[in-house]
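Undergrad: Sequence:
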Amino acid sequence: MFDNNTDNEKVYQVLASHLISKKAVGILLKMPFTTDDYYEFIEELKQTILLEIKNRLLDKVIDLPENLKVLDAKIETVELKFSALIKKKKNIQNIQDFETHVPSHLLPKLKGRIDKEFRKTPALAINKSTDVDFWFQFLDLQELKDILTNKKNWNEFADILSSKEKVMAEFKDMGDLRNCIRHSREADKITRMKGEAATLWFEEQLKE
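Residue 55 in the working numbering is what sits at position 55 of the sequence shown, and the numbering runs on without skipping anything.
By construction, these hints were calculated from the structure, which means they are not laboratory data.
Don't take each hint at face value.
Claimed, not checked - Capping the alpha-carbon separation at 25 Å, the derived lysine-lysine pairs in PhoX-like fashion look like this: (1) Lys128 - Lys90; (2) Lys164 - Lys81; (3) Lys145 - Lys88; (4) Lys10 - Lys69; (5) Lys145 - Lys111; (6) Lys10 - Lys88; (7) Lys164 - Lys194; (8) Lys152 - Lys111.
Since this is a predicted model, take the numbers as computed values, not measurements.
Using the sequences provided together with the hints, build the complete structure.
TA: Encoded structure:
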């Protein structure tokens, strides 16, 4: 099937229309084809599908005005910094530590998301089931807030984040703006101003 270069390109184009990339083809053609190759193929297929979804179905997000893209990136950076801060302050080294310091009411929903991901991509269950950073990826903005403000955790963050009430209010304002951006809803002037101010406040608190 892949003897003639001209024909090869046509075959690749046909396969690409079925979301099978050149890299995926290369994996499938490995001899011998092992279990690890199968999981690598599945992961490559998954990434290709996700990219196609992003390009086709989330075009409204992709076509956001540049200033909103910048805001969305800033909020995401704040989110990542909070994950890193929690991990550092609580000295979370493994999944047992993670489950100890994450409020118990958050764990069932979180584990449900992760189990769903493992069912979709079995290779992840092998490679990521004990990866703390992978688990942190499944916490949303409000859940990070719940961890920070939980009574058994708060003392370790109070010196950085002022009062608990202030933090909860700023998280709400930033979250409201994030939801508008991610769901392609127009943010009214007040929501946007409050969300921008909250993001800026968190950036200041999280400076190294």
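Undergrad: Work down the list of hints and note, for each, if the structure agrees.
TA: Taking the hints in turn, this is what the structure says about them:
| no. | hint | in the structure |
| --- | --- | --- |
| 1 | Lys128 - Lys90 | 21 Å, holds |
| 2 | Lys164 - Lys81 | 18 Å, holds |
| 3 | Lys145 - Lys88 | 16 Å, holds |
| 4 | Lys10 - Lys69 | 37 Å, violated |
| 5 | Lys145 - Lys111 | 18 Å, holds |
| 6 | Lys10 - Lys88 | 51 Å, violated |
| 7 | Lys164 - Lys194 | 18 Å, holds |
| 8 | Lys152 - Lys111 | 21 Å, holds |
Going through the hint list in order, the structure does not satisfy hints 4, 6.
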